[in-house]
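Colleague: Sequence:
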Amino acid sequence: MSSPVVDLGGSEAGARGQLKDGLPPGGLEALEKFCVEQHSWCELRKILTETRSFQNQMVPKPPHEFQFVRKNDPEGTHSHRVYFLAMSTESRENSLFYAEIPKRINKQALLFLSWKPLLLHFHSQDYGEYYREDELLRERKRIGTQGIMTYDLHRSSGTFLFQAGGSIYTVRDGGPHGFTNQPLRPMKVETSCPNIRMDPKLCPVDPTWFCFVHSCDIWIGNLETGEERRLTFAHKGLPNLRDDPKSAGVASFLLQEEFDRYTGYWWCPVAEEVPGGSQMLRILYEENDESDVEVINVTSPLLESRLTESFRYPRAGTGNPKSTLKMSEVVVSADGKVVSVVDKRLVLPMDVLFPGIEYITRAGWTSDGRFAWVLLLNRAQTQQQLVLLPPPLFIPVDTPADVCPDPGSVTPFIIYQESTDIWINTHDILHFLSQKQDDEISVIVASEVHTGFRHLYRVTARLQGSWSQANGEGGATAGDFLCPVKEQVALTWGDWEVLGRHGSNITVDEERGLLFFQGTRDSPLEHHLYVTSWLWPVEPSRITKPGYSHTCRVSQLMDIYVSRFSNETTPPCVHLFRLNMEEREPEHLQGEFWASLMEYPVCPPDYIPPELFSFKSRSGHTLHGMLYRPHNLQPGKQHPVVVFIYGGPQVQLVNRRFKGLKHMRLYTLASLGYCVVIVDNRGSCHRGLAFESALKHRMGQVEIEDQVEGLEFLSSRYSFLDMERVAIHGWSYGGFLSLMGLLQRPDIFKVAVAGAPVTMWTHYDTGYTERYMGLPELHQECYQLGSIALQAHRFPSQPGRLLLLHGVLDENVHFTHTNMLLSLLVRAGKPYHLQLYPQERHSIRLPESGEHYELHLLYYLQENLGSRTATCLMAS
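Mind the numbering: the sequence shown is residues 1 to 876 in the working numbering, read in order.
If you are wondering where the hints come from, they were derived from the structure by calculation, not from laboratory data.
Each hint should be verified, as a subset may be incorrect.
[To be verified] In silico DSBU-like pairs for lysine-lysine, Cα to Cα no more than 30 Å straight-line: (1) K830 <-> K33; (2) K116 <-> K545; (3) K545 <-> K103; (4) K116 <-> K61; (5) K103 <-> K246; (6) K103 <-> K141; (7) K201 <-> K188; (8) K662 <-> K116; (9) K188 <-> K61; (10) K141 <-> K696; (11) K46 <-> K33; (12) K61 <-> K662; (13) K188 <-> K236; (14) K46 <-> K616; (15) K61 <-> K46; (16) K116 <-> K33; (17) K71 <-> K188; (18) K141 <-> K116; (19) K46 <-> K71; (20) K141 <-> K662; (21) K545 <-> K107; (22) K616 <-> K637; (23) K188 <-> K337.
Given only the sequences and the hints, what does the whole structure look like? Please build it.
Modeller: Okay, structure coming up:
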């Protein structure tokens, strides 16, 4: 299909071509109102079932989590084996698969690589059991599937390690054992631990050793000998959460939810030899003390096995977890036994070394193991530091507090720092280059603070530090440990951004001087893979095909990459491409199509994709939108309109990706006769920091203006939008804005359907709320203007205009938000409808709950907006 991208705000000729279409002789006054057919609940359920069947024809579940291993077999016919997670047609669980990549192909034909199961008839033995930690992690990662969530692979040995259900499993393929041609039976790693083990990771030095987290502490184990040892003792295992505030190796709720960090420990990639044939392994880890964090209780009316759940939840303006970094040094013998364990802390507390720092957003090691590194962020999220920590900076934890050993010449090094008056968006881009001189280090970083768009910079810093101030009372000052920057070179530039979240990262080929990254250089609606030089500034070269949005993974040797791509008319495909290993010039490097891992099914002939549009708003920004036309569009008739909204930071709804899966309910609405409109207002992502910063201290104050302007723009072009019958619907931040739409523009929005809305910003978490709104005590008016519950008296007094939906177990936007609003609506005598989901958290996961939610949405819109009865009531 050709792409239905429509520029509705361009040239005069283009505008003339989009003016009111199909108007009858009497103009707007003569237009008839199209009424949605009134279906019973059972009839709507049948329609949903048919839609799901239609959906399943179009959208397979694409593979993900790719890992490439080169086979190094001169006589063999395959160059690589690629591993990935996917679902087979016979299972609802994610499992491990692989495909063989041939050395040669027939370029005249499409080669489809078959998926081969790595695991023999695998599913978790605990399938269906409830594991609270696993469920909550899936919530934080927004993963709706069961089975294997992720896996660790040690390439040279062929060792795999993964968690499924409540257990840890291992299997070997490749390495000295050779590659299998038959599915392997994974070995369940036995344990003495009574509870679920999380976050297993192989030791990069010796893959017989691995670590995991059990009951909020780090343990080490050996896959061959069965040796198992607890390394940290932060958590006491007490029954009352209030009495047991510490954890080790675990990212807190706040860091997972708002900073996308899901681990709290990091293996050193280098071991230190110890006399007698032993070696010392190092593990950097985070210890959290949540004594100052409020405990909230979430009560379920149905699930008797967990009537009440308790969580640590830092509300805006209240105490955060106190985080520090520690190090575990483990000496292990050649025969797979733990010889000794030394737990170490920093020579001085974190708040003394780095005053004003609140969050540890990222951490790890340089590849030579010489330094641990950490990214630190202040509470306002306006200042960030990249710090190197030499291992000698850590001392045994049992060193008396009143004894401050002289660290000599060993200091931390702040090699890069940045600040802004807006906020700093956390991302995953950071790459340390090989160190050429002992007193210098070079790193590739990404920053938005210099140009307002996230771009790449090569920074070289001289490693110079001083203890002159840090040992004094009051801690370090701004200049302590700050290294002079020898060179800072911009590697990318322009009014577009380098992508650095949700799996997008950079790949650096140090030998050839190449740097691969994903970005929006061609369009904010398309994601592409680009290549440039990290040695000097050159124009990036796009590698992927235009007209689509791509998610790519480049192999470790940078000789092949995989792309999952789609656009609004094309369901997802997954293709493999070769990269020319001899090419050193970025402008000449292109990907050569090699084989397909997944082809898209042909869209059914009656599938109608949404149309993209853009317009120049009164704010001066170009805004992008998406329109689903009613399938039964008739000349001279006006159709009810549903605005689907998110509108908050870090999300983009309008882009060139296939919408046939995630937004299928919007297709269903269009099939019933509704117009569906989506607009990415100011504050949404991939448009630069200035575009996002419209929400600074103003959440809820600018978004509806952009949404209404988008509606007015479309209605000035198309006569089939009935501006007298408009509903607004969204979830989470979109639920918040749905309520704001009904509050601020009840003349436009006749119905609001709000799912899991934030109604009081003082009751949402610190990391998110303070980033955009500041501290409550400093910005009381902003918080009041953005809090729905405080404005309950302003809601309409007509029944059938407000529907609230919420999962009772929601541990992110607690049901308290809806409860507060309901209480104040009752006090103000305002009508509302409420739909609760007793077994759901912030996202709806259970299929039966998802079906009920969609049914309730369709029925409510039908009865209060689209049907003939609703239309007559509104007219009267």
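Colleague: Now look at each hint and say whether the structure bears it out.
Modeller: Going through the hints against the structure:
1. Only pairs whose Cα atoms come within 30 Å are accepted, and K830 paired with K33 is accepted, the gap being roughly 29 Å.
2. Distance restraint check for K116 and K545: the Cα-Cα separation of roughly 28 Å lies within the 30 Å cut-off, and the hinted pair is therefore satisfied.
3. Simply put, K545 and K103 have alpha-carbon atoms about 23 Å apart, close enough for the 30 Å limit, and the pair holds.
4. Between K116 and K61, the direct Cα distance comes to roughly 16 Å. Compliance with the 30 Å bound is thereby established for this hinted pair.
5. Note on K103 and K246: the hinted pairing is violated, with a Cα-Cα distance of about 53 Å set against a maximum of 30 Å.
6. Distance check on the hinted pair: K103 and K141 sit about 36 Å apart at the alpha-carbon level, beyond 30 Å; violated.
7. A threshold of 30 Å between alpha carbons decides the hint, and for K201 with K188 the separation of about 15 Å falls inside it, so the pair holds.
8. For a cut-off of 30 Å, the pair hint linking K662 to K116 stands: about 27 Å separates their Cα positions.
9. As the CA atoms of K188 and K61 are separated by approximately 27 Å, the hinted pair is consistent with the 30 Å bound.
10. Distance check on the hinted pair: K141 and K696 sit about 26 Å apart at the alpha-carbon level, within 30 Å; holds.
11. Proximity of K46 to K33 is assessed by CA-CA distance (about 26 Å); at most 30 Å being required, the pair is judged to hold.
12. The hinted pair formed by K61 and K662 meets the criterion: a straight-line CA distance of about 12 Å does not exceed 30 Å.
13. Proximity of K188 to K236 is assessed by CA-CA distance (about 27 Å); at most 30 Å being required, the pair is judged to hold.
14. Restraint check for K46 and K616: the C-alpha separation of about 41 Å exceeds 30 Å, so the hint is violated.
15. The suggested pairing of K61 with K46 holds, with an alpha-carbon distance near 24 Å, which does not exceed 30 Å.
16. A threshold of 30 Å between alpha carbons decides the hint, and for K116 with K33 the separation of about 55 Å lies outside it, so the pair is violated.
17. This hinted pair checks out: K71 and K188 have alpha carbons roughly 27 Å apart, not beyond 30 Å.
18. Using a Cα cut-off of 30 Å, the hinted pair K141 and K116 holds, with the two alpha carbons roughly 27 Å apart.
19. At roughly 51 Å between alpha-carbon atoms, K46 and K71 are farther apart than 30 Å, so this suggested pair is violated.
20. With a CA separation close to 16 Å, the supplied pair K141 and K662 stays within the 30 Å bound.
21. Between K545 and K107, the direct Cα distance comes to roughly 18 Å. Compliance with the 30 Å bound is thereby established for this hinted pair.
22. For the hint pairing K616 with K637, the CA-to-CA distance comes to about 27 Å; that is within 30 Å, so the pair holds.
23. For the hint linking K188 to K337, the alpha-carbon distance of about 20 Å falls within 30 Å, and the restraint holds.
Checked against the numbered hints above, the structure violates hints 5, 6, 14, 16, 19; every other hint is satisfied.
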